[in-house]
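Chemist: Here is how the chains run, residue by residue.
4 protein chains.
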Amino acid sequence: MIIVMKPNANKSSVKEIIDIVENKGLQVHLSEGSEVIIIGVIGDKSKLVNSNLELLEGVDKIVPVTESYKLANKKFNAEPSIIQVGNVQIGGNKLIMIAGPCAIESEEQIYESARAVKQAGAQILRGGAYKPRTSPYSFQGLGEEGLKMMAAAKKETGLAAVCEVTSLEAVETAVKYVDMLQVGARNMQNFYLLKEVGKTNIPVMLKRGLSATIDEWLNAAEYIMSEGNSNVILCERGVRTFETSTRNTLDISAIPVIREKSHLPIIIDPSHASGRRSYIEPLSKASIAAGADGLMIEVHPNPANALSDGPQSLTPKAFTALCENLRPYGKLAGKDF
Amino acid sequence: MIIVMKPNANKSSVKEIIDIVENKGLQVHLSEGSEVIIIGVIGDKSKLVNSNLELLEGVDKIVPVTESYKLANKKFNAEPSIIQVGNVQIGGNKLIMIAGPCAIESEEQIYESARAVKQAGAQILRGGAYKPRTSPYSFQGLGEEGLKMMAAAKKETGLAAVCEVTSLEAVETAVKYVDMLQVGARNMQNFYLLKEVGKTNIPVMLKRGLSATIDEWLNAAEYIMSEGNSNVILCERGVRTFETSTRNTLDISAIPVIREKSHLPIIIDPSHASGRRSYIEPLSKASIAAGADGLMIEVHPNPANALSDGPQSLTPKAFTALCENLRPYGKLAGKDF
Amino acid sequence: MIIVMKPNANKSSVKEIIDIVENKGLQVHLSEGSEVIIIGVIGDKSKLVNSNLELLEGVDKIVPVTESYKLANKKFNAEPSIIQVGNVQIGGNKLIMIAGPCAIESEEQIYESARAVKQAGAQILRGGAYKPRTSPYSFQGLGEEGLKMMAAAKKETGLAAVCEVTSLEAVETAVKYVDMLQVGARNMQNFYLLKEVGKTNIPVMLKRGLSATIDEWLNAAEYIMSEGNSNVILCERGVRTFETSTRNTLDISAIPVIREKSHLPIIIDPSHASGRRSYIEPLSKASIAAGADGLMIEVHPNPANALSDGPQSLTPKAFTALCENLRPYGKLAGKDF
Amino acid sequence: MIIVMKPNANKSSVKEIIDIVENKGLQVHLSEGSEVIIIGVIGDKSKLVNSNLELLEGVDKIVPVTESYKLANKKFNAEPSIIQVGNVQIGGNKLIMIAGPCAIESEEQIYESARAVKQAGAQILRGGAYKPRTSPYSFQGLGEEGLKMMAAAKKETGLAAVCEVTSLEAVETAVKYVDMLQVGARNMQNFYLLKEVGKTNIPVMLKRGLSATIDEWLNAAEYIMSEGNSNVILCERGVRTFETSTRNTLDISAIPVIREKSHLPIIIDPSHASGRRSYIEPLSKASIAAGADGLMIEVHPNPANALSDGPQSLTPKAFTALCENLRPYGKLAGKDF
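Top line first, the protein sequences correspond to chains A, B, C and D. Mapping to this note's numbering: the first sequence position 144 is 144, numbers consecutive. Mapping to this note's numbering: the second sequence position 317 is 317, numbers consecutive. Mapping to this note's numbering: the third sequence position 123 is 123, numbers consecutive. Mapping to this note's numbering: the fourth sequence position 10 is 10, numbers consecutive.
In case anyone wonders, no lab produced these hints; they're calculated from the structure. Treat the hints with care, as some may be off.
The list treats identical chains as interchangeable, and a pair is accepted whether it falls inside one copy or across any two copies.
What the hints assert, rightly or not - The calculated lysine-lysine pairs, modelled on DSS-like cross-linking and capped at a C-alpha distance of 27 Å, are:
| id | residue 1 | residue 2 |
| --- | --- | --- |
| 1 | K317 | K15 |
| 2 | K317 | K261 |
| 3 | K148 | K11 |
| 4 | K11 | K70 |
| 5 | K6 | K317 |
| 6 | K6 | K24 |
| 7 | K148 | K6 |
| 8 | K75 | K6 |
| 9 | K75 | K331 |
| 10 | K24 | K148 |
| 11 | K47 | K61 |
| 12 | K24 | K47 |
| 13 | K47 | K195 |
| 14 | K176 | K335 |
| 15 | K331 | K176 |
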């Protein structure tokens with residue numbers, strides 16, 4: 001941590017800060033510049049968390065030099081994490097395809113989806129039972145009933161399964177039926193929920209918040225991991241910008257940035273990022289080429305009748321064609337599927 | 001709702017859409033332009049919620065013409081809502097000052113804060129017992145123990161009290177001690193939590209999400225109201241932009257926009273919006289001048305030792321001076337305090 | 001300037017950097033932390049501008065501690081600048097009202113506008129002769145012919161006048177007719193134009209770019225000032241965000257931030273910021289309350305027939321009423337008009 | 001164009017609008033809904049450009065249904081444009097690599113760069129002679145002297161060449177030496193400059209503005225094309241967001257969006273988008289996979305001594321390796337190089 005003093009800061013202000021820092025058992029290094037004085041703090045900065053040094057007389061700003069997340073940080077765990085989800089490994093040398101409808105609507109619908117995505121090559125079935133919808137008047141999901149349908153479809157096909165959770169109650173129910181929990185973008189900083197999924201022993205796919213920086217996202221992962229569950233998979237799904245041609249703006253750079261900062265796997269969701277079916281294929285290819293560990297794609301047996309997010313869902317036929325077109329890109333990037 | 005067809009859409013596509021719309025009991029008006037055909041839909045568009053018209057052959061885009069929120073909408077409730085919080089009315093002709101520490105830290109701290117803000121003229125005491133913190137290693141709040149301290153301080157001073165809630169458990173506990181619940185910016189689209197506070201019978205202050213549009217914010221209010229609790233107060237606390245001089249960018253225009261779209265009261269939080277004490281006074285004056293119903297300000301007896309958000313907290317002395325400086329602006333805007 | 005090394009940086013990398021810095025005649029202060037080494041650079045950092053230290057082996061990041069603008073910086077010029085525009089002073093104890101049509105359309109229109117805004121209390125007439133329009137098919141302005149009309153209206157009314165310039169040719173023409181040049185938001189980083197207006201001897205109003213940070217804006221002012229023209233007035237007109245209820249998001253915090261960082265005056269343009277007439281009054285009041293030196297408001301004798309930006313223009317009658325309503329706010333803020 | 005009336009609009013307001021529209025020679029279609037009345041306008045909406053219908057009594061909003069650009073619009077020119085730049089075709093079945101230093105610094109530097117990028121497989125040499133720099137105290141470019149050096153390097157190697165222009169003077173000089181002009185991001189809405197490059201007869205590469213929507217970008221292209229120069233190449237270089245891990249956020253979705261809206265070719269600049277050398281390779285692969293027509297990459301013989309943008313420049317050796325790694329992606333995407 002570096003403390004930058006104001007140009008007009010006086011000696012007694014500098015001394016006060018040095019005293020505070022040293023009293024916490026840390027060391028200081030003083031640099032007196034031509035314009036400003038800079039105080040470098042050496043040691044475990046967490047001891048200063050509540051010292052509010054910004055408020056002291058003469059202080060201009062505090063510049064952190066190390067990240068606040070540890071368990072998710074590549075610096076302390078250089079090897080890429082490989083996470084076991086059912087019989088599938090995320091983060092290894094296979095490209096992971098997670099596919100299925102936005103919401104579970106009926107036994108027939110989830111069965112049909114499961115069979116279709118399995119046949120096309122997907123390894124994990126997705127489907128929402130607890131839907132976070134912008135309007136209270138939209139379809140909210142079937143709850144446990146939906147999860148039972150999904151578990152049956154999972155059993156028949158041998159796919160692993162993932163479902164979004166939005167409350168403690170949903171967590172407690174979902175762990176009985178699925179292989180991975182999903183924390184949605186709107187709950188990325190619902191710290192209560194992060195802790196609850198951190199107390200389970202199944203993997204968690206953590207979507208990036210609509211306007212979360214990559215550092216905030218990794219801090220959210222840290223919340224889950226600090227509860228003892230280190231099986232976190234990151235999922236980029238587009239961030240909010242001024243552009244309106246796409247529903248969100250897919251931050252493709254998040255892939256190399258995460259690779260540099262963290263050991264956790266990263267999945268891309270081009271369906272939510274773009275909001276339009278016709279953009280899914282180019283964005284999927286781009287994601288694989290940039291080094292993603294997998295993709296999450298919405299597939300619905302009959303998108304025009306979907307109760308949620310129809311416009312971005314692919315038909316089983318279109319998904320099969322997509323997988324065919326993506327295979328050579330996976331192979332080239334060293335990730336077969 | 002308006003359906004804009006693609007330039008090359010053929011007659012059978014148009015007919016298909018008309019059939020679907022009419023089968024739902026709605027009417028269509030067809031406009032054949034020189035370049036495109038436009039289909040106007042007349043009637044209750046909620047019947048089409050799951051029809052996914054965007055997916056149909058030949059459709060270019062769907063343009064909504066009415067808002068998806070009803071209970072929060074000024075069109076259906078033209079009179080400004082006045083909401084009773086303890087012995088205070090928000091939304092009337094008084095300027096409401098909500099003040100206190102970011103987090104409740106000790107009996108002494110909350111008592112001292114309560115007395116100080118009461119004396120300066122505040123009507124509502126704030127203080128967090130359940131803190132949503134970006135890093136899991138920061139102070140997380142005292143929980144019910146903190147709420148008990150707050151209730152005692154409230155009783156002594158006669159102030160009303162507000163506390164943020166982050167889970168069902170927190171809601172169930174907080175309703176026993178405070179007069180208003182707060183849903184924080186990071187939980188604005190935690191729809192599960194919105195429903196839970198909607199089931200209580202005490203007012204809810206709903207902070208705007210970091211990157212929530214005003215329409216999404218009003219839809220979040222609608223979630224609470226649709227559960228039967230119409231006592232919602234909106235709180236603008238800055239949105240996320242590219243600018244880094246301030247922690248967030250206070251969207252001052254939200255005040256007149258909300259006045260035009262909704263009947264709900266609106267409070268401004270300049271402490272979180274700016275993140276710096278020196279900007280609180282000018283932003284508070286601006287908020288009052290733009291027509292806000294009140295302000296929420298962080299006050300701590302000893303900001304330099306605060307366990308949370310010290311840099312943006314005012315001392316009791318500074319808060320008293322602030323209130324003095326704001327009074328003439330309140331008076332000018334027709335909101336004494 | 002602070003150089004933060006990577007955790008695994010070795011001694012020879014550190015030595016290499018120290019050698020480079022010292023060879024430029026600067027001093028270093030070394031802080032060896034538990035996790036990282038930090039190198040503080042003392043002296044005139046401009047000597048290192050082209051050294052690209054970020055590229056050296058072992059360097060993690062470079063943290064600047066001083067601003068790159070000097071002439072616009074309050075640190076080197078603590079007194080607020082008062083700038084003479086015709087017979088008007090911007091930055092003193094008067095609130096400055098700049099008003100008039102978006103574009104000069106005809107002799108009659110500019111005369112009528114000038115008389116009306118003069119009578120309502122404005123001191124400076126605005127009107128565009130060179131219009132930067134998003135579409136090439138929109139009205140582009142009358143050029144010198146328009147400026148002649150404006151000069152006549154100015155002469156009759158005794159108002160000062162301001163006009164946007166978009167090219168060297170426009171600068172050379174405009175200086176003959178107006179008292180202040182305006183650089184528009186879209187040209188804020190047209191550095192060629194900044195230099196040209198910097199070579200004139202008349203004041204320049206510099207609008208903030210749509211997505212410019214405050215530091216970039218002050219660096220743009222520095223461009224003008226470094227050519228010898230220190231008469232720069234800043235104008236905030238809203239920044240681009242995700243919100244769509246207003247055309248742009250007025251960054252009201254820019255007022256206190258500029259007050260802290262610079263000695264230059266700041267004007268607010270609520271017409272362009274909001275894009276809607278009904279929001280102009282609350283935003284004007286907020287701007288005055290936050291400490292603005294003046295306002296720029298679009299006024300058109302007949303907004304419904306305006307060739308540019310009609311929806312945000314006020315009628316002379318509405319502008320007169322606005323001025324009446326703003327006067328008490330000006331008085332309260334210590335800025336009569 | 002669709003005119004949405006307010007819920008309480010009365011009949012005479014509706015009639016007034018119909019009269020105005022019909023008087024301009026256009027037709028209306030009226031849809032009376034349960035809540036609102038909608039007026040569809042049929043015919044050439046440009047006749048209404050200055051009618052400011054938004055201002056009329058009872059109007060809620062105006063919804064455009066067709067784009068304001070024509071020449072750049074795929075609807076009116078379905079075939080992809082292939083643009084000849086020197087002896088190179090952009091937009092065909094070859095991947096175009098544009099490479100070279102940010103700024104031309106010396107004869108030796110540009111020769112060395114040209115030879116290196118040629119050998120690695122690039123077809124076009126880049127190099128700036130007129131640099132738009134944020135601070136007036138940074139290196140500003142060598143001007144015509146630099147262009148002469150570039151022309152010599154171009155002649156020796158047989159490469160085509162591109163150079164940014166920032167003023168009319170620069171345009172007039174540059175056309176004598178290079179095969180393509182570049183309009184930089186900061187000048188994307190410098191409409192004066194757009195018109196000037198539109199009057200030349202050589203291709204123009206138009207970079208997207210930092211916060212320009214794709215529609216604004218295509219309108220800027222329209223400015224150039226409406227002057228008679230239809231040889232426009234678009235270049236995406238990252239947009240401004242809240243994320244700070246990368247200098248800008250590369251909007252990879254711009255590739256499929258442009259493919260859908262326009263016939264113009266699109267090039268990606270991963271160097272400026274990310275600001276870091278280590279992200280260039282993954283972003284380049286992603287761009288090719290998403291369908292880009294080419295890449296623009298900064299290469300400098302000695303990045304650590306570059307006078308501009310060193311941290312994002314590749315060494316010739318690194319660029320050669322990059323090209324090797326990109327070739328299979330080009331081949332897979334149907335774009336050899």
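Chemist: Please flag the earlier hints that this structure goes against, numbers listed from lowest up.
Modeler: Violated: hints 3, 7, 9, 10, 14, 15.
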